[in-house]
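Asker: Sequence:
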Amino acid sequence: MKKIEMNYIVNIDDFETIIRDIRPDVATLRKFIEKKDFELAEHMVRRLELKLHELEEFNFIIERRTTRVPSVLDELRKIIK
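Going letter by letter, the sequence shown gives residues 0 to 80 in numbering that gives the first Met the number 0.
These are calculated hints, taken from the structure and not from any lab test.
You may find that some hints are simply not true.
Said to hold, decoys possible - Taking lysine-lysine pairs in the DSS-like style, the calculated list, with each CA pair at most 30 Å apart, reads:
(1) 1 - 80
(2) 77 - 1
(3) 35 - 50
(4) 50 - 34
(5) 2 - 50
All chains, please: the whole structure from these sequences, using the hints.
Answerer: The following block contains the structure:
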């Protein structure tokens, strides 16, 4: 048996959720800039700055996992027997 170690990001869904929450704000900001509503655009910029800060400060929780898998040689030996 071969031992394989992997790193697993436990809270990747939380990180992806933050990114998904940012996308609509970017679209809204673009709309406000196109309409030349710079007051609301400035408000959206502040919101985006907070969310980007949240991404920068995000702490990934990483677990090291070990699993055993049959090696190729082990499998060949079974076939040959």
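Asker: Between residue 2 and residue 50, is the straight-line Cα distance small enough, at 30 Å or below?
Answerer: violated (40 Å)
Asker: Can you confirm whether the C-alpha distance between residue 77 and residue 1 stays at or below 30 Å?
Answerer: It holds: about 15 Å lies between the C-alpha atoms, which stays within 30 Å.
Asker: Taking 30 Å as the top limit, are the C-alpha atoms of residue 1 and residue 80 close enough?
Answerer: Holds, because 20 Å separates the two Cα atoms, which is no more than 30 Å.
Asker: Is the straight-line distance between the alpha-carbon of residue 35 and that of residue 50 30 Å or less?
Answerer: holds (23 Å)
Asker: Do the alpha carbons of residue 50 and residue 34 lie within 30 Å of each other, as the hint requires?
Answerer: At roughly 23 Å apart (the allowed maximum being 30 Å), residue 34 and residue 50 satisfy the hint.
Of the hints listed earlier, the one the structure fails to meet is number 5.
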